[in-house]
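Here the protein sequences line up with chains A and B, keeping their order.
When the letters of the first sequence are read in order and numbered with the numbering used here, they come out as residues 19 to 338.
When the letters of the second sequence are read in order and numbered with the numbering used here, they come out as residues 19 to 338.
Heads up, a few of these hints could be off.
Any copy, or any two copies together, can satisfy a pair, since identical chains are not distinguished.
Once the Cα atoms are required to be at most 27 Å apart in a straight line, the calculated DSS-like pairs of lysine-lysine come out as [what the hints assert, rightly or not]:
#1 K291 - K163
#2 K156 - K186
#3 K187 - K321
#4 K93 - K321
#5 K332 - K293
Quick caveat, the hints were computed from the structure, so don't treat them as lab data.
Listed below, chain by chain, are the residues.
2 protein chains.
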Amino acid sequence: MLASIIDMINRHMFFLITSHVRLDGDALGSELALYHMLLDAGKKVVIYNQDETPANYCFLPGTDAIVHKLPVLEKYDMVFVLDCSELDRIGDESSHIGSMERIVNIDHHISNDKFGTIVYTDDQASSTAELIYRLMLKMNNLITKDMATNLYAAILTDTGGFCYGNTKKDTLIAAGNLVGRGADPQWISENIYESNSPARIRLLTKVLETLAFDWDRKVGYMVVLQSDIERAGAREEHTEGFVNIPRSIEGVAVSILFTELSEHQYKLSLRSKGKVNVELVASAFGGGGHINAAACYINGHFKTALHQVLNTIKDLSIVS
Amino acid sequence: MLASIIDMINRHMFFLITSHVRLDGDALGSELALYHMLLDAGKKVVIYNQDETPANYCFLPGTDAIVHKLPVLEKYDMVFVLDCSELDRIGDESSHIGSMERIVNIDHHISNDKFGTIVYTDDQASSTAELIYRLMLKMNNLITKDMATNLYAAILTDTGGFCYGNTKKDTLIAAGNLVGRGADPQWISENIYESNSPARIRLLTKVLETLAFDWDRKVGYMVVLQSDIERAGAREEHTEGFVNIPRSIEGVAVSILFTELSEHQYKLSLRSKGKVNVELVASAFGGGGHINAAACYINGHFKTALHQVLNTIKDLSIVS
Chain A
19 MLASIIDMIN RHMFFLITSH VRLDGDALGS ELALYHMLLD AGKKVVIYNQ
69 DETPANYCFL PGTDAIVHKL PVLEKYDMVF VLDCSELDRI GDESSHIGSM
119 ERIVNIDHHI SNDKFGTIVY TDDQASSTAE LIYRLMLKMN NLITKDMATN
169 LYAAILTDTG GFCYGNTKKD TLIAAGNLVG RGADPQWISE NIYESNSPAR
219 IRLLTKVLET LAFDWDRKVG YMVVLQSDIE RAGAREEHTE GFVNIPRSIE
269 GVAVSILFTE LSEHQYKLSL RSKGKVNVEL VASAFGGGGH INAAACYING
319 HFKTALHQVL NTIKDLSIVS
Chain B
19 MLASIIDMIN RHMFFLITSH VRLDGDALGS ELALYHMLLD AGKKVVIYNQ
69 DETPANYCFL PGTDAIVHKL PVLEKYDMVF VLDCSELDRI GDESSHIGSM
119 ERIVNIDHHI SNDKFGTIVY TDDQASSTAE LIYRLMLKMN NLITKDMATN
169 LYAAILTDTG GFCYGNTKKD TLIAAGNLVG RGADPQWISE NIYESNSPAR
219 IRLLTKVLET LAFDWDRKVG YMVVLQSDIE RAGAREEHTE GFVNIPRSIE
269 GVAVSILFTE LSEHQYKLSL RSKGKVNVEL VASAFGGGGH INAAACYING
319 HFKTALHQVL NTIKDLSIVS
């Protein structure tokens with residue numbers, strides 16, 4: 019599969035790279051590493067993302083080049099859709115991009131629906147970045163400091179700082195080799211994890227007050243209301259990582275962050291310590307993700323939503 | 019040097035392993051990995067530590083065997099002093115142990131004073147565990163899951179979760195190889211970092227409300243009152259790590275956690291991102307530490323204490 023991708027790269031000139039809405043470190047790092055690889059190979063490349071780059075990722079080399087409006091006049095020979103389990107996750111441009119001629123789908127989500135002309139997926143990989151790393155090794159092994167920095171940031175964040183169950187032998191060895199190519203672990207983690215804004219901390223202060231437990235304290239959850247976000251002068255992206263707080267409490271097997279998007283509409287982020295497969299929980303509500311990290315949306319009153327998701331967790335745990 | 023250590027191990031039977039007071043992950047993980055290696059080689063081994071094993075490290079394989087009172091009747095052929103820059107760091111038994119016949123000093127601190135019969139130090143290594151790993155590779159390469167788990171835990175904690183500047187290419191590759199030998203990154207990090215108690219989170223909720231800034235937001239601080247600790251049903255040790263929160267805010271160069279010990283008596287924990295040497299700040303009040311992490315005590319009204327420490331930080335920063 020890698021050989022077909024490399025062959026296709028060699029035979030074309032104009033490339034589009036895109037990923038999913040609600041960008042994370044793996045989406046961005048994978049896009050930017052591939053961008054630098056193609057640029058260095060003399061190609062023309064556009065990165066399109068519907069959403070803005072979150073502030074704590076703006077240090078990644080190449081983020082200046084990302085566009086948020088798809089240049090319509092361009093005709094692309096080939097489009098890379100990275101870290102997307104389905105085309106829809108690109109956002110508003112998904113059907114436009116889906117109609118393009120050569121689509122390369124590179125992803126590590128188990129739920130990937132195998133869209134595209136070439137599909138390179140591996141649900142055993144820690145991250146999409148690990149697949150891009152393999153592509154680079156096979157292509158020409160010319161991994162520059164910029165590529166290494168982006169790939170390292172992607173692997174770091176998608177493994178929760180090398181703490182999640184997807185941290186394998188090969189993941190850490192890849193990370194080590196990327197440090198050997200110039201990635202600076204301290205600088206990268208400081209930029210990503212130590213750029214808390216005062217607004218985020220104000221929001222956290224408020225959200226922590228909502229911490230509650232259920233099912234003999236095996237489920238811990240918190241709630242973010244739009245009014246809290248406004249009062250803290252924060253944005254929704256500031257809630258990133260909050261879901262790890264209930265998860266960090268002893269005895270908690272599943273943590274949930276309910277984020278109110280509008281009245282009676284919630285986004286649920288779910289995290290598991292491994293005993294409960296939260297991907298199954300999320301998919302019961304039309305969402306998706308991994309065993310340890312998943313997300314979905316539920317409409318309705320908060321209490322009803324809570325009740326539904328708790329029942330689903332309990333049912334799935336009894337079955338599994 | 020490793021060859022001499024291996025030769026000495028092969029020629030003897032009774033071993034003592036020890037490390038420093040105020041045990042950390044590297045001290046414990048290095049001791050326990052070496053303990054398993056010697057046991058598997060058919061040796062008799064005692065691990066002596068003055069201090070108790072902190073609760074979040076008790077899951078490490080072998081901690082049950084650690085003694086906190088040195089068995090006096092035993093005569094040891096050889097003693098391993100691990101992760102100690104000087105003998106005194108062992109604690110009350112340091113002169114007794116220092117009088118033993120064959121002392122092997124294995125350490126990665128730049129300040130190591132080279133005590134002992136055999137000295138194996140490398141200040142470029144991330145941790146003492148990385149040196150024990152090298153010893154194992156050279157000895158017989160028989161790294162069991164128990165040894166791998168202890169070494170991984172040690173490397174993980176001494177690199178701050180692979181975030182500090184001592185995280186090198188070889189560090190991550192060693193960590194990867196240890197995963198290949200059975201270390202489970204998720205299980206290990208959960209045990210060490212995710213044993214938050216609900217009381218700690220209740221205390222954090224209260225303490226976050228005290229977050230304030232000074233000196234153009236370059237200093238961030240929080241205050242823990244005894245009444246907050248009581249109301250949360252927490253203990254003083256639950257404040258560990260709180261000082262990293264103001265530090266994590268963008269623009270903050272120095273963070274301070276004021277912990278009220280009794281009326282008009284405060285313990286100050288200081289953290290710096292490197293621009294301000296907080297060891298100098300702490301030592302101005304009779305405390306000490308490192309450039310990035312230090313502590314001291316101040317008596318008096320909170321406002322006076324705050325004023326004094328802020329002035330000291332500003333003065334030192336102008337000078338440096």
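A quick look at each hint next to the structure:
no. : hint        : in the structure
1   : K291 - K163 : between (34 Å within a copy, 21 Å between copies)
2   : K156 - K186 : both (21 Å within a copy, 24 Å between copies)
3   : K187 - K321 : neither (42 Å within a copy, 49 Å between copies)
4   : K93 - K321  : neither (49 Å within a copy, 65 Å between copies)
5   : K332 - K293 : within (12 Å within a copy, 50 Å between copies)
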